[in-house]
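**Q** The primary structure of each chain is shown beneath.
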Amino acid sequence: MDFAASSQGSWQGVAEATPALAIKILIAGGFGVGKTTLVGTISEIRPLHTEELMSERSIGVDDTSGVEGKVTTTVALDFGRITIREGLWLYLFGTPGQDRFWFMWDELAVGALGAVVLADTRRLQDCFPAVDYFEQRGIPFVVGVNCFDGARRHEPAKIRKALGIAPQIPIILCDVRVKESVKEVLTTLVTYAVKGVPAEPYPAH
Amino acid sequence: MTTEGPGPLIRLFGLTKGRARPVGEPFDLVAIVTTLRMPAEPTDLIPEHLEVLKVCRRPTPVADVAAQLKLPLNITRVILGDLRREGLVAIDRPRPVAQAIDERIYREVLHGLRSL
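In the order they appear, the protein sequences are chains A and B.
So the first sequence is residues 14 to 218, counted in my numbering.
So the second sequence is residues 4 to 119, counted in my numbering.
Among these hints, one or two may not hold up.
Claimed, not checked - Output of the computed footprint for chain A on chain B, the stretches with three or more beta carbons under 8 Å from beta carbons of chain A:
(1) 26-33
(2) 55-66
(3) 74-88
(4) 105-111
As the list claims (entries may be wrong) - Across the chosen pairs, the derived CB separations fall in these ranges:
(5) 118/B with 209/A: 22 to 30 Å
(6) 170/A with 107/B: 30 to 38 Å
(7) 101/B with 141/A: 23 to 31 Å
(8) 108/B with 145/A: 27 to 35 Å
Calculated from the structure, these hints are not laboratory results.
We treat Cβ as the ideally placed atom computed from N, Cα and C, and that holds for glycine.
This is chain A alone, in the form it adopts within the complex:
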C-alpha cells in the first residue's frame, strides 16, 4: 500500500471552502411504473447497485431475540447520480416497491429534498401508498404521470382529483425514457421543494 506514503498530502485540503453536498431525491411509485427507467435515463452513470441486508426484525417478523445481524434476505437498492460540479451531486434513489420494505423508505426519506411519485394512469391506485407516505411526512413531492405508448391520456386535473392531492402539487405528464422529459420532472421537483411553487407554468400537453 505505497499510496499511503506517496500520496501523503495529496488529499489534504481537498475539502473546499464550500462543503460537499449530496442532494437526495426519491423516485417512488408502484411496481413496474418506470422508476428504474427514469433513473437510468438521467443518470450519468449506469445506475449503481448496492444492497441492504435485512434482519427478520426489519421485515416485520416478530423477533424478540434481539440478535443483531440475523439476516434473512437482501433488498437491492439501485441509484443514479448526477454531478452538478465537483462536490455537488444529485442522487436518485428508486424506492423498493414492495410494502414490506417500508423500513427502507424511512431510511431513504430522511434528509431527502423531495420525491417524484410516478403514476401509471392504468393503475393509478398503485401510487396511493407513496402519495400518503410523503404527505404524512411533509416531504415535498411532484407527480409524474408516465405516458406509455397506448397509455390513456388523462387530464392533470382529473388525476389530481383522483389522487386527492393539493392544488399546488405539480403534476407533470412525462415519458421516463426521454431525457428532456425527465429533466423537466426533476427541475419541477427541485423548484417546488425549494421555492414551494412551480417556477414557471409548464404546458398542459
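Chain B: place on chain A using the hints.
**A** Quick look at chain B alone, frame taken from chain A:
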C-alpha cells in the same frame, strides 16, 4: 432481491465482527465521507478499510462508497463507523435540506439539470 445462500453474508459479517450497526452517531445514506489521514500502521487495517480511505480522499457520499466497494450498505456503514472512531475519516453531520440549499446552490442545480 438476490437469492444468494448464507455463505457470502457470513463472510460479510466477518468484516464487521458480526455487527449490523455502526458505532457512534448515525449517518445518512448520502452523508459525505472524507479521509482525514492514513493510519500510522496501515497493516493493521483490513483491505476494505484501506479501500475506503483510498476512495474517500475525494469527499464521497456513503452510498457511493458502498457501491464502489461492492458491499451492502449496512456493512459499509459499520466499516465507516470504525474508521471514524479511529479518527481516519470524517462523516458530515446531516444538515436540514432547507438550510443546505441556498439560492446559489439552487441556481447551480437548476442550471446543471437543464444543461444535461
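**Q** For which of the previously enumerated hints does the structure constitute a violation, in increasing order of number?
**A** The structure conflicts with no hint, since it agrees with every one listed earlier.
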